[in-house]
Amino acid sequence: MTDLSASNSSSLLTEDKHTKKRNAAEKRFRAYGLGAIILACAMLVVLLVSIVSNGASSFKQTYISFPVTISQEEFDAAEGSILKTGAYNKMLQSALLSYLTTNDLLGEATEDDASGLVSGEAAADVRRLLLANADVIGTEIDFTILANGRIDGYFKGRVTRETAAVDSKITGAQLDLADRMTEHGAMITKFNWRFFTNPDASVQRPEAAGLGVAILGSLYMMAVVLCLALPIGVAASIYLEEFAKKSWITDVIEVNIANLAAVPSIVYGILGLAIFINFAELHQSSPLVGGLVLTLMTLPTIIISTRASLKSIPPSIRDAALGVGASKMQSVFHHVLPLAAPGILTGTIIGLAQALGETAPLLLIGMVAFVKEYPAAYSSELGLFGEASTALPVQIFNWTTRSDPAFVERASGAIITLLIFLLIMNAFAIFLRKKFERRW
Amino acid sequence: MNAVNRIERPVNMNDIKIAAKGVQVYYADTHAIKDVNVEIEDKTVTAFIGPSGCGKSTFLRTLNRMNDTIDICRVTGDIRIDGEDIYDPKVDPVQLRAKVGMVFQKPNPFPKSIYDNVAYGPKIHGLARNKADLDEIVEKALRRGAIWDEVKDRLHAPGTGLSGGQQQRLCIARAVATEPEVLLMDEPCSALDPIATAQVEELIDELRQRYSVVIVTHSMQQAARVSQKTAFFHLGNLVEFGETDKIFTNPEDPRTESYISGRIG
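Quick note, the sequences are listed as chains G and F, same order.
Going by numbering that gives the first Met the number 0, the first residue of the first sequence is number 0, and it counts up by one from there.
Going by numbering that gives the first Met the number 0, the first residue of the second sequence is number 0, and it counts up by one from there.
Hints listed in this document are in silico derivations from the structure and should not be mistaken for laboratory results.
Treat the hints with care, since some could be wrong.
[Said to hold, decoys possible] The following label-pair restraints were derived from C-beta to C-beta distances:
(1) I194(F) - I37(G): 49 to 55 Å
(2) F427(G) - Q23(F): 34 to 40 Å
(3) I36(G) - K151(F): 51 to 57 Å
(4) G382(G) - G125(F): 30 to 36 Å
[Claimed, not checked] Simulated crosslink set (PhoX-like; lysine-lysine; CA at most 20 Å straight-line):
(5) K59(G) - K245(G)
(6) K98(F) - K434(G)
(7) K130(F) - K327(G)
(8) K433(G) - K111(F)
(9) K89(F) - K327(G)
(10) K151(F) - K130(F)
For glycine and all other residues, C-beta sits at the position ideal for the given N, C-alpha and C.
Take the sequences, apply the hints, and build the full model.
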């Protein structure tokens with residue numbers, strides 16, 4: 000630049016002003032892009048770390064393990080009483096007390112402290128066990144029962160001696176007792192299978208709350224969505240893309256489908272409430288209604304992705320089929336559809352994944368209900384599809400509204416479970432795409 | 000059996016296979032083909048030449064009603080194959096296309112095996128009673144497509160894995176597998192290299208023994224090499240139609256002469 004003649008002769012070894020400017024712009028753009036990606040990755044990492052750090056502990060659970068002997072008389076008396084689980088609770092508490100005293104673990108803790116360690120759910124569990132296996136009555140068996148949620152929290156670091164001091168539901172003496180029992184092997188931490196099999200539990204018993212009904216409900220809903228949305232969506236797209244004559248009506252339909260994909264999902268919930276529950280009088284909070292609502296919501300997604308993949312098939316394939324005398328339908332079903340299948344399946348699975356994580360429309364059709372028991376198939380003519388159930392995202396929503404911090408852990412655990420389901424579905428979509436992809 | 004009788008007839012007494020009278024084609028408001036009258040003979044190669052956009056491909060596609068697939072396209076006039084009006088409401092275009100095969104500009108084998116490519120037409124038309132029948136049809140078609148020797152050891156390899164020229168010959172084999180009477184070819188060599196082009200041209204000459212071949216081409220040399228009759232299209236009009244030798248050596252219309260000598264096009 001100092002040498003005027005050099006800039007005029009424009010050597011290739013020096014960048015001229017214009018090139019410098021262009022290169023700088025390019026570098027800036029790359030930096031923006033990189034920055035955006037780094038930011039997004041950082042957010043993702045923060046999200047995952049916070050969810051995993053909150054929720055990973057929900058896959059472990061603290062149990063109390065001690066020997067209990069329940070005689071036939073006690074069993075009969077308990078079954079004869081009005082508050083059956085109350086009677087079992089007393090048996091468990093006395094058994095625990097005698098176990099603690101014989102092993103000299105009680106220390107300065109009171110009897111109430113000791114019985115406070117046991118989860119309110121434990122008595123029902125024991126009763127269920129006894130009803131199922133009558134032969135254990137009268138023998139000494141090692142019961143492994145749920146510990147109270149606070150005790151569980153103590154071993155997971157959620158409850159400390161400081162919080163225990165201001166918490167009316169747990170005392171320092173109980174924590175000391177828990178420590179002694181752990182040393183003695185009476186308090187153990189195991190993988191929490193019940194998190195995946197138990198139904199929801201009351202606000203008082205976070206330790207017993209599980210995702211069983213929610214997973215079941217979600218699976219049933221996905222089955223409904225898959226069985227309805229895939230055939231309807233694919234048939235609609237094939238008709239619109241391959242058979243329908245282009246006219247203003249198809250244009251209107253096309254615009255409307257695109258708009259429907261953008262309609263807030265809660266609107267579908269209102270629609271479902273009006274049509275399926277109020278008009279068709281289907282059982283509210285049932286997977287059938289949930290599935291129908293999610294089908295409505297997923298259809299535009301499936302139609303749009305199916306049409307896109309049908310469009311991407313070169314017209315030369317259609318010509319080739321028609322040219323050898325195939326009918327329109329043969330050309331579509333023998334040639335176009337198999338080639339479009341990977342795209343259609345990917346779109347469908349992404350639509351399903353979206354439906355799996357959808358909460359808002361389900362709230363409006365009553366799937367937010369507290370479901371304490373597994374649905375019983377025989378009480379509805381629609382089987383399990385017509386029974387009150389819940390769904391994974393709604394269960395998360397439900398748990399996050401509860402005040403006990405133990406439910407934050409449960410909710411995070413449920414989020415991890417939901418994310419794993421989504422990951423599996425997406426991996427399956429990628430697998431299908433790779434498997435059926437054909438090149439020409 | 001019919002084929003044998005036909006071959007025995009002298010070449011210069013060919014019947015009229017396709018007779019088109021007053022054909023008009025409109026794309027929405029565009030008048031693409033203007034009042035075309037042409038008679039295409041059996042066992043003859045007829046070439047359609049003309050500059051791009053002159054309507055020769057459009058006209059070719061009216062002969063097996065491939066234009067039906069285009070919503071905005073409208074065809075009027077009278078096109079008869081063996082005296083039957085192919086635009087009669089009673090005619091099923093699917094049956095017509097089995098009789099009038101087509102080969103496209105770009106080789107477009109199905110992304111399936113070579114065997115399946117050829118077997119597809121006979122299968123959907125129910126031409127084979129069993130597997131052995133089908134094998135025979137496939138072999139015969141591949142032989143007529145002059146590609147049998149190259150692919151006989153890999154019939155179950157994908158058709159899309161062949162070279163461009165092989166793919167085009169496979170497409171020709173696929174077209175002849177349904178035993179058509181007329182073979183329409185829409186610029187079959189435009190995507191091929193000179194060697195593959197020569198092979199396909201040789202094949203076209205052989206196909207003349209059995210079929211009435213109509214070929215659209217951009218290459219005047221090709222038209223001169225393979226065809227006996229040539230039609231020159233310009234701006235949607237059929238300008239001149241006659242013996243290929245005459246069109247190329249002594250055209251009647253000044254537009255034909257200009258095109259052939261390279262002044263328009």
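Do the hints match the structure? See the list:
Remark: the range hint 49 to 55 Å for I194(F) to I37(G) is upheld by a beta-carbon distance near 54 Å. Distance hint check for F427(G) and Q23(F): the Cβ-Cβ separation is about 54 Å, which falls outside the suggested range of 34 to 40 Å. For I36(G) paired with K151(F), a C-beta distance near 53 Å keeps the hint of 51 to 57 Å intact. A C-beta distance of roughly 44 Å is found between G382(G) and G125(F), which places it outside the suggested range of 30 to 36 Å.
Annotation: proposed proximity of K59(G) to K245(G) is violated, straight-line Cα distance about 59 Å (limit 20 Å). A C-alpha spacing of about 37 Å is found between K98(F) and K434(G), which places the hinted pair above 20 Å, so the restraint is violated. Between the alpha carbons of K130(F) and K327(G) the distance comes to roughly 26 Å, so the proposed pair goes past 20 Å and is violated. Distance hint between K433(G) and K111(F) is fulfilled; the C-alpha atoms sit about 17 Å from each other, no more than 20 Å.
Of the supplied pair hints, the one linking K89(F) and K327(G) holds, its CA atoms being roughly 17 Å apart against a limit of 20 Å. Between the alpha carbons of K151(F) and K130(F) the distance comes to roughly 17 Å, so the proposed pair stays at or under 20 Å and holds.
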